[in-house]
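Participant: Listed here are the chains, written in short residue letters.
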Amino acid sequence: MAVSDADVLHVAALARVGVPLERLPAMVRELNGILEHMAVLESVDVSSVAADARPAMPRRDDQVAPVLLARPLADFAPAPRDGFLLVPRLSTHSQLGATEGDE
Amino acid sequence: MSGMDGHELSAADTASAVGAGTLSATDVCTAALERAMAGADLNAYITLASDGDVRAMAGAAPRGLLHGVPVAVKDNIATTALSTSCGSKILQGWVSPYEATAVAKLHAAGAVIIGKTNMDEFAMGSSTENSAYGPTLNPLDHARVPGGSSGGSAAAVAAGHCRISFGSETGGSVRQPAAFCGIVGVKPTYGRVSRFGLVAFASSLDHIGVFGRSVDDAALGLQVIAGHDPHDATSVDTPVDVYRDQAGQSLIGLVVGVPTEYFPATLDPQIRARCDRALDRLRQLGAEVRPVSLPHTDLAIPVYYILAPAEASSNLARFDGVRYGPRAPADDLREMYEQTRSVGFGPEVTRRIILGTYVLSQGHYDAYYRKAMLVREKITEDFARVFASGVHVLFTPTTPSPAFGFGTRSDPIEMYLSDIFTATANLAGVPAMSQPIGLVDGMPVGGQLLAAHFREADMFRAAFALEGALGSEALT
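Respectively, the protein sequence lines represent chains U and R.
Here the first sequence is numbered in numbering that gives the first Met the number 0, starting from 0 and rising by one per residue.
Here the second sequence is numbered in numbering that gives the first Met the number 0, starting from 0 and rising by one per residue.
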């Protein structure tokens with residue numbers, strides 16, 4: 000089963016790594032080479048291995064999910080900006096010479 | 000006594016001399032640090048301890064098995080005094096808030112850590128070419144790789160900086176560089192040495208291992224770090240043999256299995272000849288040598304390169320710029336994750352994370368990951384069946400070739416096949432070690448001994464005897 004450009008970009012997004020477009024053809028070629036090497040496993044008879052020898056793990060959907068927070072953002076961060084949270088400057092920073100009220 | 004710094008002494012003799020007061024721990028350890036600094040062209044270390052820190056540690060070293068013995072530790076084993084980068088930019092300068100159990104045991108035994116050694120990034124590689132801090136050179140031929148991923152630790156011992164160093168193994172990353180550098184490398188049984196504080200690559204395959212200039216050095220190093228640790232759920236509470244007691248033991252009654260699958264028709268005839276010579280020596284010492292079969296050996300690399308990247312893709316998810324290391328600037332949180340990881344990880348780590356995520360994804364999980372898990376059981380059963388048949392140890396070549404040149408293995412599969420004789424032991428969890436058995440084209444090659452789970456003593460019994468029987472032949 001050959002991997003396409005779209006497959007690699009989708010999986011890279013799931014893994015939160017970027018693949019530069021100029022690197023994409025080589026990455027696709029390498030992954031297909033590796034997966035081809037692994038195809039030998041398809042024909043291995045594993046019927047003698049007990050089904051519970053290595054229990055399967057529960058799986059998540061292959062979707063890029065939103066970043067989950069324990070509480071809604073507005074509960075503890077009333078001033079978000081560009082995905083980051085604005086917080087009052089710590090007093091230790093003020094002691095280093097920052098102006099009171101700086102963000 | 001060969002000198003004031005114990006350079007030529009075994010680790011055990013150094014510790015004895017320091018304990019007896021005939022050698023100074025400070026002299027021994029500062030001399031080791033000076034040798035490491037003088038050998039900087041090898042790039043064996045990512046971080047060296049300062050002269051002052053080495054003097055302080057040596058001066059306060061407790062009386063233990065490694066009293067005043069300098070050692071080097073791979074840069075993926077957590078230390079509080081020196082940074083732990085895993086050979087990656089993403090952990091550059093990171094200092095662990097706690098130390099690995101193996102490191103705590105080294106300190107308690109009186110060892111002095113002179114530096115953190117270079118490695119393939121997150122232990123992904125077989126040549127140390129994948130380090131973000133540049134490759135390590137093979138001390139025996141600077142145009143060749145030292146092996147990997149623990150290439151820095153192997154080079155440190157092979158270059159004579161120290162007699163013992165520590166590395167990690169997921170598919171052969173101690174035994175393969177040991178073979179390439181002409182020293183001894185030991186991977187214990189999975190569960191024999193605590194992995195607490197070893198930065199995880201593939202948790203079901205990761206082990207901490209030992210390099211030694213000799214079998215005796217390696218046995219002593221393993222002795223110090225072996226044993227149960229409640230901090231590691233996979234650590235096993237079972238008695239630890241005294242490995243050095245195996246020196247001088249007779250091989251009469253020892254059964255050595257020779258798996259035919261490790262001697263394919265394509266094996267380099269010179270490597271086959273060195274193995275045959277070693278087997279002859281084992282026979283002459285009284286061991287019974289018999290052919291055996293491990294029929295699923297050729298599946299080890301496909302299985303390994305599904306399972307290890309799968310586990311790595313999960314374990315390395317934590318490195319996202321939030322809790323560890325440098326953080327790349329970005330306009331939003333997701334972009335910050337991607338930028339940090341894209342800049343922080345090198346090409347091989349990125350490739351394996353993507354491969355691992357692919358084989359774990361819903362559409363491919365059963366075809367790749369689940370199938371590989373089942374085939375792993377077949378590989379494990381192969382070993383169990385052979386050891387249950389009365390075989391005490393197995394003997395194989397460690398690698399299919401001597402150390403190769405830099406840049407000569409650009410195809411990932413070609414590089415992965417460097418581990419073809421070593422990955423099985425990680426998949427099955429059995430102990431294995433490599434020791435020098437001769438030269439091919441002027442470079443060392445290793446012979447590999449494997450034993451049943453927690454039977455490291457059987458392995459050392461054969462290794463001590465073989466080392467003595469080969470003597471200077473190991474240099475021919």
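Where hints are given, some of them may not hold.
Said to hold, decoys possible - Some but not every residue of chain R turned toward chain U, in silico, with C-beta under 7 angstroms:
| id | residue |
| --- | --- |
| 1 | 132 |
| 2 | 248 |
| 3 | 249 |
| 4 | 328 |
| 5 | 340 |
| 6 | 341 |
| 7 | 353 |
| 8 | 357 |
| 9 | 361 |
| 10 | 373 |
| 11 | 374 |
| 12 | 376 |
| 13 | 412 |
| 14 | 413 |
Stated by the list, open to error - Listed next, the stretches of chain R that the computed footprint assigns to chain U, with coverage defined by at least 3 CB atoms under 8 angstroms from CB atoms of chain U:
| id | region |
| --- | --- |
| 15 | 142-151 |
| 16 | 284-293 |
As the list claims (entries may be wrong) - Heads up, incomplete: computed chain U residues facing chain R, CB under 7 angstroms, no partners named:
| id | residue |
| --- | --- |
| 17 | 17 |
| 18 | 43 |
| 19 | 64 |
| 20 | 65 |
Read the hints as simulated data drawn from the structure, not as lab findings.
Note that beta-carbon positions come from the ideal geometry of N, C-alpha and C, so glycine has one too.
Participant: Grab the minimum C-beta distance from residue 376/R to chain U and call the hint holds if it beats 7 angstroms, violated otherwise.
Facilitator: holds (5 angstroms)
Participant: The hint names residue 328/R as touching chain U; please verify it with the least Cβ-Cβ distance against 7 angstroms.
Facilitator: Not OK, violated: residue 328/R not within 7 angstroms of chain U, min 11 angstroms.
Participant: Report holds or violated for the interface hint on residue 357/R, using the least CB-CB distance to chain U and a cut-off of 7 angstroms.
Facilitator: Since the shortest Cβ distance to chain U is 5 angstroms, the answer is holds.
Participant: For the hint on residue 361/R, does the least C-beta distance to chain U fall short of 7 angstroms?
Facilitator: With a minimum Cβ separation of about 5 angstroms from chain U (threshold 7 angstroms), the hint on residue 361/R holds.
Participant: With a cut-off of 7 angstroms, does the beta carbon of residue 373/R approach a beta carbon of chain U closely enough for the hint to hold?
Facilitator: holds (4 angstroms)
Participant: Just to make sure I understand the rule, a stretch counts as covered if three or more of its residues have a C-beta closer than 8 angstroms to a C-beta of the chain. Does the region 284-293 of chain R meet that for chain U?
Facilitator: violated (count 0)
Participant: Are residue 353/R and chain U close enough, Cβ to Cβ, to be under 7 angstroms, as the hint says?
Facilitator: Since chain U brings a Cβ to about 5 angstroms from residue 353/R, closer than 7 angstroms, the hint holds.
Participant: Going by Cβ atoms only, is residue 413/R closer than 7 angstroms to chain U?
Facilitator: violated (10 angstroms)
Participant: Would the hint on residue 412/R be counted as holding, given a Cβ-Cβ threshold of 7 angstroms to chain U?
Facilitator: Nearest chain U Cβ about 5 angstroms off; hint holds.
Participant: Closer than 7 angstroms between Cβ atoms is the bar; does residue 248/R clear it against chain U? Give me holds or violated.
Facilitator: This hint is violated: residue 248/R lies away from chain U, its Cβ roughly 36 angstroms from the closest one there, beyond 7 angstroms.
Participant: Interface hint check: residue 249/R, Cβ to nearest Cβ on chain U, cutoff 7 angstroms. Holds or violated?
Facilitator: violated (39 angstroms)
Participant: Let's test the interface hint: is any C-beta of chain U closer than 7 angstroms to that of residue 374/R?
Facilitator: holds (5 angstroms)
Checked against the numbered hints given earlier, the structure breaks hints 1, 2, 3, 4, 14, 15, 16, 19 and 20 and satisfies all the rest.
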